[in-house]
Structure formats: C-alpha cells, structure tokens
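Line order of the protein sequences matches chains B and U.
Oh and the first sequence: position 122 is 133 in this note's numbering, straight run, nothing missing.
Oh and the second sequence: position 117 is 213 in this note's numbering, straight run, nothing missing.
It is worth saying that the hints were derived from the structure and are not from the lab.
Every residue, glycine too, gets a C-beta built ideally from N, C-alpha and C.
Do not rely on the hints blindly, as some may be mistaken.
[What the hints assert, rightly or not] To give a feel for the contact side, a few chain B residues facing chain U, derived at Cβ under 8 Å:
#	residue
1	Y38
2	R53
3	V54
4	F327
[As the list claims (entries may be wrong)] Chain U residues, not near chain B, derived (Cβ > 12 Å throughout):
#	residue
5	G109
6	G147
7	D164
8	E190
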Amino acid sequence: MTFGQIALWGLVVGFVMSMVIITGFAYTTLLERKVLARMQARVGPNRAGYIPLPGRGGQEKKLLAGFLQPAADAVKLFFKEDPTPGKADKVVYNIAPMLAVIPAILILAVIPWAGKIPGLVPEQYSYFAIVPGLNVAVLFVLAVTSISVYGVVLAGWASNSKYAVLGGIRASAQMISYELAMSLSVLVPVMIANSMDLGVIVEAQRGGWIVFLQPVAAVIFCIAALAELQRAPFDLLEAEQELSAGFNVEYAGMRFGMFFMAEYMKMVSLSAIAATLFFGGYRGPFVDQVPVLGFVYLFVKIFIGLFLMIWIRATFPRLRYDQLMLFGWKRLLPISVINFMIVAVFIVLAQEGVFAPITRLFGF
Amino acid sequence: MFGMIAELAKGMGITLKHFFQPPVTTQYPEVKRPVRNRFKGRHELKRYDNGLERCIGCSLCAAACPADAIFVEAAENTDDERYSPGERFARVYEINMLRCIFCGYCEDACPTQAIVLEHNYELSFYDRQSAIYTKDMLIVDVPVNGRPTPQVVEPGVFTKAIPMMENPE
C-alpha cells in the first residue's frame, strides 16, 4: 500500500473506532450506575427503555430495563442551559473540556485490537490498530495521559472559582505523583518485550501473560492508573464534601458532559492499556486461527477492568490527601523503583547466561 | 502488610456478595407497599348504607383541628332535599391539605364517625389552590344499596338533631 492509502485507511478506521468507543463510553456510564446500584442493594436506572417479554400470569417481563438511559442523559445534557461564569476566562474555559476529552480518545489510537486480519490490516503491519506499528507507543501513552491533566487544571483555573481551582491543583499534584510509579511499572513489560511497540509487547506474551512474571508491576500499574484516572478511592479532586464538585463545579450541560466523557473514556483506554501490557492484550485461545477473536478477548479484558474499577469504587472510602501523597511517594515509588531495578538486573543476568544451568536443570 | 491486603479483600468480598443479592427496592408507582391499618392518610367523608351522608355539619372537627385546616359551613336539611339524617348537613366541607398535620383529632371529635383518615398518601399538587380538598373530593361513593344525596324522604322519619351512630333505619 502507498502512503496515501495507509493514511486514508487510518482515517476510516479511526473514525469507525472513535464512534464505537464513544458509544462504549455511554454504556460504561450505564454499567457503572447499574453495578454500583446492585452493590448498594438498589436497582439503578431502569426507566428509559426496555425490551418487553411475555412473562407468567399475563404480566410482561422487562428485559434490559434502562438500556436507553445513556441516550436520555445525552439529550438532557445537550438541552441544558450552558452558562459561562461572568469572570471566567472565556477562551480557556471553552477549551478545557476539549483538552480533557481529546487525550482520552488519543490513547486508544495505539492499542492493538486484534492480530493480523487479512484484508483489514495493511500487509506491512502485524496487528490491527488505528495507528499500527508505532515504535514509541508506550511513550505516546504516557505522554498523552500526562497531557490530559491540562484539561482539569485549566478548567479549574478558568472557572475563576475557589473550589474549582483547588480541585485542579489537587489533580495536578496527584497526577504528577502517581505518574512516576506508573511509568516505572510500564517500563517492566517494555524491558521484557524489548520493545515500546504495543503489538510486540502483546506478541511477547504468547507464552504467558506478563502479570504472572511480574505481578508487582501489574498491581502498581493498576493502582497508579486508578490515581491517574482520579477515580475512587483517589477521587480527591472531586471530593464532594470538601470541594462540592472540584474542577467542574462551574460547568453545566454538554461541557460538563465532556469532562464526564473524558473520565469514562480514560477508564476504557487505561483498562485496554493494562490488558495490553500485563494481561495478554488481544491474545487468547484460538486467536492465531481466527484473528477476529482478538476483538472479543480485548473487549472481555476491558470489561473486567471496568468492572474492577467500579467494584473498587463501591468498596473503598476516599483517601485523605496526606495519605494519598504518602502512599504515592513513600510506598508506591520506592517499590516500583526497586522492582524495576530487580527486573533490569535479572534480564541482564539472563542475557549473560547466568540462569542457563538452572533452566537446563528444569529441562527448558 | 498481608493483614492489610486481607482486610481489603474482605471489603471487596462484601460488596461482591451484595452484587449477587437481589435489590430491596420497591418499584413504587407500579408496586405499592401496603400501609398499616392505623395509617393516617387522606380524610374521607363516610356515608350510611342507605346513601345518606354521616356528616351533620356540626363543625366539631374544625374546632378540634390544631392546625385550623378544616372549614365547615352547615345548612338545614329538609325532607324534600335530605343529605344527612340529622338536622343539618355540611353544605361546604373543605380541608386545606397544606395545613393538615394528619393528627386525627377530627376523627376523634366527630360525633357520627363521618370523617375518617384513610390510607391514601398520594397527595401532591401543583399550586396552593388545589391543596384545598372540597367535599366532592373527600366524600366516598354511594354504597350499592343506597341512593345518592339529596334524597326525598317521607316526613317524620328523621327527627333527631344528632342521629344514632349506626344506620338510622
């Protein structure tokens, strides 16, 4: 394929995948509300839309009650009044929600969704992604997740509100603190696969997932990702009791919806990154014979990640701010540095052949 | 360290246990929980079995009402146009539901057991005017064997100012 054809292919795939992901985001909100409700012995949204089924005794059973709730929410958000505070910085106030959403979508560009599907993937690439074969994909993910803090901080600043600016400052401090631990734990799969290309990292897990090799790095990544997402128990920047709503307190309508969208899309994308780095990505049984199964496996892994995040939110109370900082700097960062050094040393020793007698002993 | 992780896992286990238990929610507009027998809801003005109204317009309920929510205006019964077995009947009977505190004192004060606090608790309105419940809204339907009021009766049957507690006939 020529360069132009690949660019066109990327555009089409990017558009389709973005639409899929935006729909997925809408249903992530419904999933969260439903699961959270069930964990709190409630029903959750069940009014907007259902599939009627004939049940016993003439009463119709309602299947999937509430499945149109995301559509109802979207309509509501679009038709709400969207005021701008009088003393707000108008330009930055309008840009901030976009700055929050765009990085959340961008992360998904590099995720390998499936293996090599003939006819769907250009022949020079070995896996299906919107931007396949990006040799600095991990770096790209880290960079883009860091950019997304700008949306939050600028929203807080431009609102010209004390609650908002406090929320924004908390967000920046928290993201900077946890990014170090996250980057160091991300480097472990990079070292093991010897590549920053996410497709190569997935293929390196052909024998077994990296989480079995490096559970410490996986756990640190999951904790740091939760903090990066600013979700419970690390949702200090929107601590209702202290900051009313944090950085988005002055926003309404769809601009508020965009912050919401950013949070849930980042949930999806960080679940996908965690699945790709530690849990085998699109790999699963029979994926080599039927490459389309890759979509299913990755979807299942993302779903499990989302469920875990909601489950954690339903269970744990919010951390205090000093506990958050202490945990980030004094626990997570040293553990991930030590873990990183141990992995580096072991890889060098393995390359030098130190473990050769042991592996020979076990008959590898 | 491991104790802490065990505690975290325990917490997660509790939320997961509740995830698989059915929710306790009652789907209110479709499913209504029955109220207790002695529940004090909206008032009803009762009738005798023959259809005559129990209320004789004595205003004792209005006098007993601590919130001053009841307004009664009485008028004379005649044998050609008989509403209640007593001397008088309630021409106007209004309860302001914004004032009513559902204490039931009106029920206790009533000499003929005409006003009873029943089990309807769905009292909501859009403006203050519709909070005033008139006699038409409060009075119960005519019983099966009764005739609607005003009734034409033979003279000399209903002679007492305050009728008997039970059916006068």
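Hint check results:
no.: 1; hint: Y38; result: violated, 18 Å
no.: 2; hint: R53; result: holds, 5 Å
no.: 3; hint: V54; result: holds, 5 Å
no.: 4; hint: F327; result: holds, 7 Å
no.: 5; hint: G109; result: violated, 9 Å
no.: 6; hint: G147; result: holds, 36 Å
no.: 7; hint: D164; result: holds, 40 Å
no.: 8; hint: E190; result: holds, 36 Å
Consistency note: the structure conflicts with the earlier hints numbered 1 and 5.
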